[in-house]
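S.K.: Construct the entire structure; sequences and hints are all you get.
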Amino acid sequence: MLTQKNLDRIQALKNRFPDTQSLTIPALHIAQEQYGWISEETMIEIANILNLPIGHVIGVATFYTMFNKKPVGKYHIQVCTNVSCQLLGAEKIADYICKKLKINIGETTPDKKFTLTEVECLGSCGTAPVMQINDDYYENLTIEKIDKILSEMK
Amino acid sequence: MTEFSEKLLLPEIPNLHQIDVYEKHGGYQALRKAIQMKPEEVTDEVKKSNLKGRGGAGFPTGLKWTFMPKQSSKPKYLCANGDEGEPGTFKDRQIFEFNPHLFIEGSLIAAYAMGIQTIYVYIRGEYVKWIKLLQKAIDDAYSKNYVGENILGSTFCTEMYIFKGAGAYICGEESSLMNSIEGKRGYPRVKPPFPAQNGLWGCPTTINNIETLANVPHIINRGWEWYSKIGTPKHPGTLLFGVSGHVNKPGVYELPTGVLLTDLIYKFAGGVRGNKKIKAVIPGGSSTMWLRGEELEGVRMDADSLKTVGTSIGTGGVIVMDEDTDILKVLARISHFYHHESCGQCTPCREGCGWMEKILNRIVAGEGMIQDIDLLLSVANNIEGNTICALGDAAAWPVQSVIKKFREEFEKRIRKTYPEKVYVPPPHLVKI
Chain H
51 MLTQKNLDRI QALKNRFPDT QSLTIPALHI AQEQYGWISE ETMIEIANIL
101 NLPIGHVIGV ATFYTMFNKK PVGKYHIQVC TNVSCQLLGA EKIADYICKK
151 LKINIGETTP DKKFTLTEVE CLGSCGTAPV MQINDDYYEN LTIEKIDKIL
201 SEMK
Chain W
5 MTEFSEKLLL PEIPNLHQID VYEKHGGYQA LRKAIQMKPE EVTDEVKKSN
55 LKGRGGAGFP TGLKWTFMPK QSSKPKYLCA NGDEGEPGTF KDRQIFEFNP
105 HLFIEGSLIA AYAMGIQTIY VYIRGEYVKW IKLLQKAIDD AYSKNYVGEN
155 ILGSTFCTEM YIFKGAGAYI CGEESSLMNS IEGKRGYPRV KPPFPAQNGL
205 WGCPTTINNI ETLANVPHII NRGWEWYSKI GTPKHPGTLL FGVSGHVNKP
255 GVYELPTGVL LTDLIYKFAG GVRGNKKIKA VIPGGSSTMW LRGEELEGVR
305 MDADSLKTVG TSIGTGGVIV MDEDTDILKV LARISHFYHH ESCGQCTPCR
355 EGCGWMEKIL NRIVAGEGMI QDIDLLLSVA NNIEGNTICA LGDAAAWPVQ
405 SVIKKFREEF EKRIRKTYPE KVYVPPPHLV KI
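Protein chains in written order, with my numbering: chain H, 51 to 204; chain W, 5 to 436.
Hint data in this document are derived by calculation from the structure and do not stem from the laboratory.
Everything numeric in this text was worked out from a predicted model, so none of it was measured.
No residue lacks a Cβ here, since even glycine has one placed at the ideal position from N, Cα and C.
Among the hints, a few may not be true.
[As the list claims (entries may be wrong)] Which residues of chain H face chain W? A few of them, derived with a C-beta cut under 7 Å, are: (1) Thr74; (2) Phe113; (3) Tyr114; (4) Ser134; (5) Leu137; (6) Gly139; (7) Asp145; (8) Met203.
[Said to hold, decoys possible] Okay, derived cross-link-like pairs now, BS3-like style, lysine-lysine, Cα gap no bigger than 27 Å in a straight line: (9) H:Lys198 x W:Lys133; (10) H:Lys152 x H:Lys195; (11) W:Lys78 x W:Lys168; (12) H:Lys64 x W:Lys148; (13) W:Lys133 x H:Lys163; (14) W:Lys78 x W:Lys195; (15) W:Lys168 x H:Lys64; (16) W:Lys253 x H:Lys124; (17) W:Lys362 x W:Lys333; (18) H:Lys55 x W:Lys168; (19) W:Lys409 x W:Lys311; (20) W:Lys168 x W:Lys133; (21) H:Lys120 x W:Lys140; (22) H:Lys152 x W:Lys78; (23) H:Lys55 x W:Lys409; (24) H:Lys149 x H:Lys124; (25) W:Lys11 x W:Lys140; (26) H:Lys64 x W:Lys188; (27) H:Lys64 x W:Lys78; (28) W:Lys416 x H:Lys195; (29) H:Lys195 x W:Lys78; (30) H:Lys149 x H:Lys55; (31) W:Lys28 x W:Lys148; (32) W:Lys37 x W:Lys52; (33) H:Lys64 x W:Lys136.
[Claimed, not checked] Quick list of simulated restraints, FRET-style, between CB atoms: (34) W:Val194 x H:Gln61: 31 to 39 Å; (35) W:Gln22 x H:Lys204: 32 to 40 Å; (36) H:Glu202 x W:Ile17: 43 to 51 Å.
M.R.: Take a look at the structure:
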């Protein structure tokens, strides 16, 4: 269940839009903040809160890649491998993280600490290669930097 | 081209993101000036300045504003497009971080000119840091009555809300962006009807890029005549060029339109790493046609000049590839991107992008056949122009241009595996 605080946050956004359907994406964001991912139960919960067809919410949640459709670790590492990052060695970066965490892209470590995802352009091409861990960007990546960043993730 | 070295959008003023610093440097004076003018005079000023949209299509901004009905029984909306998903593009976030009030002021002037009472700023969801920075700036602008009710004592009222995207490149397309705000899957809409008649919730809507709106206060402050003389006359102003890839100093460089591409790469972005030669350049984000290294001399960075060399200015995101680049692998990655981001509405794009990716992957893996080159081209040609929105074209153009300009790369890679095969393509397949 969404906390009262999060329900209030969704309600507070109502005056921004002429209908409640527009709250679908903001509500999914709020739900993901609380749960870490969007399960089918969460989609149904949001559909009930917003009084929308369940199919609508499922359709929206599955369209947008930022909504995690399965649980992610405490740290969700998203490595960009798009063109500008690719040119500066993003593939090596992704391979290195795979080796270091002993997981493949799309997997979570057994201790549920890290999930590694490959993502499309993060809009940080001038400081490539780039990854995002939870909300933060890590730019101009090198193998050494990754060691340091990951060792600081407790 | 006039010499012009001033930075309009990203001047080197410390702490310009703070509202009092922004005000000290003349901030919000353009808004004060605009609300003393008639709305149509403001639109006219922007129209005469010849400001072109910075989001990729380069549509004249003032003209777009005139499409909005003056009288409307329905509410009107402005969407500021900060989805910034085009690979190679990272400029709007500079505005959010270093000069957010310039953008806010520009949006307010646009809202005043079109009689708009609600502004949605659509920002890609990954930009958590920049959403926070912009929200702070908007809150500050509210506290000083630049946004909200009876702005600066006038009858002009407008609200400004950030809408956080959720990871879909297609939502940078204007009609898809509106569907996303409406809480739907980001499917582009069939046009017409155009947004000015039938936009958000069926109401008149204008969508402008963040950088476009950030130009507006300067036009109002200093007049259309002054602005129209910056850079090239048909595409005036300064642009935020994002240079990435194999250069020594990647980054955003604000320069007048018409700057030489070679100057941008060598003078500003510090040249190519390791002094290598350039093999290819993508001039305006991943959707634009590629240029060969030998073609760069004399190419100027403005809409018309790039058109004459068969490509476009796009978002001004320049991606440089040195002589050692495996361009087929790069192209395969770009095709993967469009395949991933295709919304799936139109068959040519949904199926074709996947086909292109598969064919390219097989060529990269050394398993391609010589016929694959023309098959690839035929898939691209059948996507282009056959989809609701421009994503299909954007997926086809890089493939078409790389085949046209680097056909020998494909042949070399393929001949490695199948040296005995010689294939003469039928003439209807080779033309682009």
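S.K.: Take the hints in turn and mark each one as holding or not.
M.R.: Hints, one by one, checked against the model:
no.: 1; hint: Thr74; result: 4 Å, holds
no.: 2; hint: Phe113; result: 4 Å, holds
no.: 3; hint: Tyr114; result: 4 Å, holds
no.: 4; hint: Ser134; result: 4 Å, holds
no.: 5; hint: Leu137; result: 5 Å, holds
no.: 6; hint: Gly139; result: 11 Å, violated
no.: 7; hint: Asp145; result: 15 Å, violated
no.: 8; hint: Met203; result: 17 Å, violated
no.: 9; hint: H:Lys198 x W:Lys133; result: 22 Å, holds
no.: 10; hint: H:Lys152 x H:Lys195; result: 18 Å, holds
no.: 11; hint: W:Lys78 x W:Lys168; result: 25 Å, holds
no.: 12; hint: H:Lys64 x W:Lys148; result: 24 Å, holds
no.: 13; hint: W:Lys133 x H:Lys163; result: 23 Å, holds
no.: 14; hint: W:Lys78 x W:Lys195; result: 20 Å, holds
no.: 15; hint: W:Lys168 x H:Lys64; result: 15 Å, holds
no.: 16; hint: W:Lys253 x H:Lys124; result: 34 Å, violated
no.: 17; hint: W:Lys362 x W:Lys333; result: 12 Å, holds
no.: 18; hint: H:Lys55 x W:Lys168; result: 19 Å, holds
no.: 19; hint: W:Lys409 x W:Lys311; result: 16 Å, holds
no.: 20; hint: W:Lys168 x W:Lys133; result: 12 Å, holds
no.: 21; hint: H:Lys120 x W:Lys140; result: 33 Å, violated
no.: 22; hint: H:Lys152 x W:Lys78; result: 57 Å, violated
no.: 23; hint: H:Lys55 x W:Lys409; result: 58 Å, violated
no.: 24; hint: H:Lys149 x H:Lys124; result: 19 Å, holds
no.: 25; hint: W:Lys11 x W:Lys140; result: 24 Å, holds
no.: 26; hint: H:Lys64 x W:Lys188; result: 16 Å, holds
no.: 27; hint: H:Lys64 x W:Lys78; result: 19 Å, holds
no.: 28; hint: W:Lys416 x H:Lys195; result: 37 Å, violated
no.: 29; hint: H:Lys195 x W:Lys78; result: 54 Å, violated
no.: 30; hint: H:Lys149 x H:Lys55; result: 40 Å, violated
no.: 31; hint: W:Lys28 x W:Lys148; result: 14 Å, holds
no.: 32; hint: W:Lys37 x W:Lys52; result: 17 Å, holds
no.: 33; hint: H:Lys64 x W:Lys136; result: 20 Å, holds
no.: 34; hint: W:Val194 x H:Gln61: 31 to 39 Å; result: 35 Å, holds
no.: 35; hint: W:Gln22 x H:Lys204: 32 to 40 Å; result: 34 Å, holds
no.: 36; hint: H:Glu202 x W:Ile17: 43 to 51 Å; result: 34 Å, violated
The structure fails to meet hints 6, 7, 8, 16, 21, 22, 23, 28, 29, 30 and 36 from the earlier list, while all remaining hints are met.
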